[in-house]
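Q: Sequence:
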Amino acid sequence: MKFRQAAFKDIDMMAEIRLSVVENVLSDPSKITRKMYEDYLDRRGRGWVCELDNKVIGFSYADREVNSIWALFVLREYEGIGVGKGLIQLATCWLFDLGAKKVTLDTEANTRADIFYKSQGWTREGMKNEHEVTYSLLCAHMPNK
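Residues 1 to 145 (full-length UniProt numbering) are what the sequence shown spells out, left to right.
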């Protein structure tokens with residue numbers, strides 16, 4: 001497995017991974033545009049990918065404007081081998097290195113992602129709306145930091 005900073009050439013595969021999920025499904029996939037992926041790589045933040053055998057199998061995006069994780073997705077067949085953990089650590093470390101004291105993210109409640117963030121030391125702050133929960137991570141609580 002190899003982690004690296006995402007590039008524009010990765011956007012098509014990242015979009016494919018995002019649309020392949022069975023939880024946290026987009027109600028309207030057209031709301032996430034190629035321009036949004038580009039903005040998060042070029043202006044708003046930074047992205048990372050994990051490759052295995054030269055195939056992108058997961059990605060994360062950090063939004064420096066609001067100190068949040070905009071995306072973390074892993075192909076289901078590669079879950080449980082450290083891909084998500086590595087990607088979330090890259091994103092949160094980058095935000096903390098920029099001076100963030102707290103990083104947040106939203107995910108669908110009662111999903112594998114919900115369980116994953118708890119297991120990584122994130123604090124469940126409460127329900128954002130009927131379906132989503134907000135998590136936060138303080139710099140002092142960053143695993144392995």
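Just so you know, the hints here were simulated from the structure itself, not pulled from any lab data.
Incorrect hints may appear among the rest.
Using C-beta positions, here's what the derived DEER-type ranges look like [as the list claims (entries may be wrong)]: (1) 82 - 108: 20 to 30 Å; (2) 53 - 109: 27 to 37 Å; (3) 115 - 9: 31 to 41 Å; (4) 97 - 119: 21 to 31 Å; (5) 64 - 128: 14 to 24 Å; (6) 128 - 44: 30 to 40 Å; (7) 80 - 35: 14 to 24 Å; (8) 44 - 139: 19 to 29 Å; (9) 52 - 19: 28 to 38 Å.
It should be emphasised that the depicted structure is a prediction, and the values quoted were computed from it without experimental measurement.
For each residue, glycine too, the CB sits at the ideal point set by N, CA and C.
Q: Mind listing which of the numbered hints don't hold for this structure, in increasing order?
A: Violated hints (numbers, rising): 6, 7 and 9; every other hint is consistent with the structure.
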